[in-house]
Amino acid sequence: AQTVTQSQPEMSVQEAETVTLSCTYDTSESDYYLFWYKQPPSRQMILVIRQEAYKQQNATENRFSVNFQKAAKSFSLKISDSQLGDAAMYFCAYRSALGNEKLTFGTGTRLTIIP
Amino acid sequence: GAVVSQHPSRVICKSGTSVKIECRSLDFQATTMFWYRQFPKQSLMLMATSNEGSKATYEQGVEKDKFLINHASLTLSTLTVTSAHPEDSSFYICSARVLGQANEKLFFGSGTQLSVL
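Just so you know, the sequences run in chain order A and B.
Every letter in the first sequence is one number past the one before it in the numbering used here, and letter 75, counting from 1, is 75.
Every letter in the second sequence is one number past the one before it in the numbering used here, and letter 3, counting from 1, is 3.
By construction, these hints were calculated from the structure, which means they are not laboratory data.
Some hints here could point you the wrong way.
As the list claims (entries may be wrong) - Dumping the calculated DMTMM-like pairs for lysine to aspartate or glutamate here, alpha-carbon to alpha-carbon at most 20 Å: (1) B:K105 / A:E61; (2) B:K105 / A:D31; (3) B:K41 / A:D86; (4) B:K41 / B:D88; (5) A:K102 / B:E87; (6) B:K64 / B:D88; (7) B:K105 / A:E52.
Said to hold, decoys possible - One side of the interface only, derived from the structure: several residues of chain A facing chain B at Cβ under 7 Å: (8) Q44; (9) K73; (10) S74; (11) L98; (12) K102; (13) G108.
Source: prediction; values computed, not measured.
Ideal Cβ placement from N, Cα and C applies to all residues, glycine included.
Excised from the complex, chain A in its bound form (with noise of 0.2 Å):
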């Protein structure tokens, strides 16, 4: 079964500053999906980025960068330029590219910006 560990509970940065999340991840697979997402407290999953296993080059979103080392099953996101509204708590997740689409994902990390 595949597992995915965020070892950051929670995290803090100055507002424009860049912060890195972390999350590994294993699986025996070689083709999967990985995700970064964030719930507010409103509750509401929002996506913040997708990563394909079979692609070398990293995701960008707009402030929104990954690290994806395959090798390694790593995948940090990195936020730059912070913004207040980045405060939530964040998911990384694995889905296999095979069968069931189901999300398995990582016990959270929550993001506080300081103003």
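Got chain A; can you put chain B on it based on the hints?
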């Protein structure tokens, strides 16, 4: 983007009663929906996969007789918590898969906070 509507957003019920939670895909058809459960300050745990027109697939440890899932149409899946008890109090979230796109995505409902007294 695609919208998934989940109702109710919050429900309080007495122990022993049943509660139904609805998850609707508003502008797309969803052959597959997923039901997650989230305890306070914890991650989302998949409970079951709901397939339109067939029986739901439950994750290990989830009682299918207690958490009844019905996916009668391509836009609606329901989760019924039967004979609810205080330990069933949790945040329940559904998600639906958007098909037919180059990059298929999952979209989440806004969740339902269930409190059983």
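We went through each hint and held it up to the structure:
1. Taken as a hint, the K105 (chain B) and E61 (chain A) pair is honoured in the structure, with Cα atoms around 15 Å apart against an allowance of 20 Å.
2. As the CA atoms of K105 (chain B) and D31 (chain A) are separated by approximately 16 Å, the hinted pair is consistent with the 20 Å bound.
3. A threshold of 20 Å between alpha carbons decides the hint, and for K41 (chain B) with D86 (chain A) the separation of about 18 Å falls inside it, so the pair holds.
4. About 16 Å separates the Cα atoms of K41 (chain B) and D88 (chain B), which keeps this hinted pair within 20 Å; it holds.
5. For the suggested pair K102 (chain A) and E87 (chain B), the alpha carbons sit about 24 Å apart, so the restraint of at most 20 Å is broken.
6. Pair hint K64 (chain B) plus D88 (chain B) holds up; C-alpha atoms about 14 Å apart against a cutoff of 20 Å.
7. Proposed proximity of K105 (chain B) and E52 (chain A) is supported: the alpha carbons are some 12 Å apart, at most 20 Å.
8. The criterion of a C-beta within 7 Å of any C-beta in chain B is met by Q44 (chain A), whose closest approach is roughly 5 Å, and the hint holds.
9. Hint on K73 (chain A) is violated. Least Cβ distance to chain B is approximately 18 Å, over the 7 Å limit.
10. Taking 7 Å as the C-beta contact cut-off toward chain B, the hint placing S74 (chain A) at the interface is violated, the least distance being around 19 Å.
11. Here the hint on L98 (chain A) is broken, as its CB sits about 14 Å from the closest CB of chain B, past 7 Å.
12. Taken as an interface hint, K102 (chain A) checks out: its beta carbon lies about 5 Å from the nearest beta carbon of chain B, inside 7 Å.
13. Because the closest C-beta pair between G108 (chain A) and chain B is about 6 Å apart, less than 7 Å, the hint holds.
Violated hints for the displayed structure, listed by number in ascending order: 5, 9, 10, 11.
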